[in-house]
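2 protein chains.
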Amino acid sequence: MQGRSKEQPHRPRRQRGGVRLADVAAAAQVSAPLASRVLNADPNVRATPETKARVLEAAEQLGYVPNIAAKTLRQQRTGLLGLVVHNLSSPIYLDLLQGARTEAAANNYFLVLGDVDELLTDDEAYRIFINGKRVDGLIVQGGHGEFDQRIAEIARALPTVIVNAPPKSTDTVAPLVAPDEVAATRMLTEHLLALGHARIGLISGPHDSPTNLLREQGVRDALAEAGHTLRDEDTAHLTWSAEAGRAGLRTLAGRWENTRDRPTALIGGNSLIGIGMLRAAAELDIAVPGDLSIAAVHDTWISEHLVPSLTTVSLPLREMGETAVRLLLTDTPRTQRTIISDPPPRLHARASTAIAREH
Amino acid sequence: MQGRSKEQPHRPRRQRGGVRLADVAAAAQVSAPLASRVLNADPNVRATPETKARVLEAAEQLGYVPNIAAKTLRQQRTGLLGLVVHNLSSPIYLDLLQGARTEAAANNYFLVLGDVDELLTDDEAYRIFINGKRVDGLIVQGGHGEFDQRIAEIARALPTVIVNAPPKSTDTVAPLVAPDEVAATRMLTEHLLALGHARIGLISGPHDSPTNLLREQGVRDALAEAGHTLRDEDTAHLTWSAEAGRAGLRTLAGRWENTRDRPTALIGGNSLIGIGMLRAAAELDIAVPGDLSIAAVHDTWISEHLVPSLTTVSLPLREMGETAVRLLLTDTPRTQRTIISDPPPRLHARASTAIAREH
DNA sequence: CTGAAAGCGCTTACAG
DNA sequence: CTGAAAGCGCTTACAG
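The listed protein sequences derive, respectively, from chains D and G. Just so we're aligned: the first sequence equals residues 1 to 359 in the working numbering. Just so we're aligned: the second sequence equals residues 1 to 359 in the working numbering.
Keep in mind that the hints were calculated from the coordinates and are not lab data. Even for Gly, the Cβ is constructed at its ideal location relative to N, Cα and C. A few of these clues could be false.
Stated by the list, open to error - Here chain G is said to cover these stretches of chain D; the calculated rule only asks that three of the stretch's residues, wherever they fall, bring their Cβ under 8 angstroms from a Cβ of chain G:
{"id": "1", "segment": "61 to 67"}
{"id": "2", "segment": "70 to 76"}
{"id": "3", "segment": "284 to 291"}
{"id": "4", "segment": "311 to 322"}
Start from the sequences and build out the full structure, keeping to the hints where you can.
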């Protein structure tokens with residue numbers, strides 16, 4: 001939020017002379033309170049059907065729309081929910097945003113966008129957004145170890161739902177909506193095992209990141225059940241980016257020179273990593289899936305358009321967005337619980353994985 | 001917006017007992033109006049520095065944050081701008097959103113997200129969003145021929161900026177912020193010409209779509225200057241999707257069987273089309289760039305990670321978002337003009353284009 | 001320049 | 001059940 005000028009720029013003016021409730025009431029020859037009650041479908045209203053019709057018709061006729069600011073001021077409710085995400089340019093979280101937006105709209109709520117880094121580091125942005133009563137509730141993308149303190153503070157000030165963060169054993173400060181990470185990589189691994197792969201590697205995000213821990217767990221679990229293990233030399237842990245996926249595969253491939261002692265399949269910790277892995281394979285002349293099967297977590301729009309198309313497992317991001325909004329709109333007490341979102345992860349088998357070839 | 005229930009769900013309640021201006025004024029032993037003026041840095045205030053300091057300190061001490069709803073009601077200003085986009089899941093427009101969000105934040109404005117289709121087809125969404133005085137202004141993504149009527153209606157009700165639509169010869173209903181489409185494809189074409197390509201084809205969106213017309217124009221212009229032309233048999237016009245790019249190249253390639261009479265380079269009307277073209281080439285065993293150079297409009301995050309990495313031309317989407325917001329916040333009269341956004345398109349030469357090979 | 005008063009438009013205790 | 005009155009919290013003509 002650098003460069004914010006303290007002086008206020010010119011602001012667009014609202015055109016005056018909108019139709020007010022009082023105008024509707026006058027036109028319908030009833031009092032304003034009664035008009036309000038009729039328009040809000042108050043069940044206690046005993047006015048005759050004719051009267052009600054008169055009110056509704058007057059509102060329609062005049063094009064009446066309640067002034068939100070007045071309503072908000074009176075009801076202490078904004079009709080807005082904040083969605084504070086980390087990296088808007090990642091294709092991964094767009095589905096979450098879409099789900100949240102749709103569910104909000106279905107309840108006559110709108111979404112206001114915030115940026116995690118901005119909100120957690122910029123005090124002014126924080127004050128305006130959080131304390132300024134801009135929103136009735138907040139959906140914040142978790143997984144920021146360093147900022148847990150700040151999120152706790154936010155949750156105390158405002159109904160908050162954390163989304164897409166790994167469940168913590170530590171005290172939860174707000175409800176959490178998360179996908180079943182372990183099941184996702186387990187599914188991917190079982191898919192590869194079923195294709196005859198016995199030695200399967202993993203290129204993922206930071207080794208100690210909670211998300212990686214869960215995803216790695218899924219791989220280990222599935223391998224263990226099949227009597228295999230995840231070998232250290234078959235893993236690389238860098239960041240969650242395509243660049244890291246590329247570097248990771250290059251590192252592993254460096255260990256494979258002049259030897260057939262190597263994995264026949266590799267799992268990417270997320271779709272960006274998977275994309276980078278495909279690229280590295282092409283650069284290194286490793287045939288996919290001929291020499292190496294590749295699969296990754298997250299099914300984004302690009303997966304099926306890559307060459308080869310990428311086998312993935314999809315997480316219910318859209319549903320998580322919906323659930324987060326629903327939680328905010330219906331969960332009276334700030335229940336502190338973790339919701340592992342439905343539906344479970346789903347496998348999308350594509351061209352990047354195939355039956356293991358004898359080496 | 002299907003499935004919206006008319007009954008209102010439970011709404012999160014705002015915690016009571018916030019600090020009001022009156023509290024600050026009392027603590028600082030001044031009147032509420034004076035406190036308001038000091039806090040808003042009214043230059044006409046002549047209070048002693050001590051008094052001002054007392055007010056500011058009291059506000060700080062009490063953690064005072066003005067109630068936005070009250071401010072809005074009084075000032076007829078929401079501090080919100082609507083951003084109504086067409087397809088949030090397209091990677092192309094995220095930059096525009098980012099630019100708009102950042103510029104808005106820099107002016108203490110926030111962005112409320114809307115969906116074009118929803119707003120243009122759902123009357124209730126329209127009423128609440130547009131007439132409900134939810135936002136001070138609107139940025140709406142254009143290029144929807146069918147909905148021009150509705151957008152004109154919106155522009156009459158609310159300061160509006162249309163973004164990323166092709167300039168129309170017809171009456172403009174609101175300021176338009178657009179990229180230099182013609183320059184973009186011209187640049188791409190000149191890049192290919194410089195590589196020695198003489199016969200260059202185009203796979204693009206609907207033939208009569210205004211955006212396509214401009215992009216096609218750029219290709220034609222550059223070819224004409226070099227003494228070449230765009231041949232009908234070297235073009236395909238479907239939709240703006242990856243699937244269309246794939247189908248387009250398949251169609252063209254069908255014409256190339258058993259002949260060397262074919263283009264050596266192809267331009268994709270947008271990056272999705274380019275991605276589909278790369279895929280089709282791989283499926284058809286057309287070497288890129290060996291047999292065919294491919295380049296496309298829009299530089300998205302994925303471009304450099306494709307195999308081969310895709311030559312593109314970037315449009316100033318981020319800047320367009322910024323400009324649109326700035327226009328809304330500073331342009332007092334609703335000037336009706338078209339702004340071709342700076343900076344001009346920029347070429348990103350990558351592995352998918354190379355020197356033309358003799359056929 | 002500053003303060004008392006009004007008012008933005010709505011909803012809801014409260015009294016009838 | 002309905003209406004008159006109050007009040008949400010702020011800013012700004014207006015009077016002094």
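> Which earlier hints turn out false for this structure, listed by number in ascending order?
Replying inline: Of the numbered hints given earlier, those the structure breaks are 3 and 4, listed in rising order.
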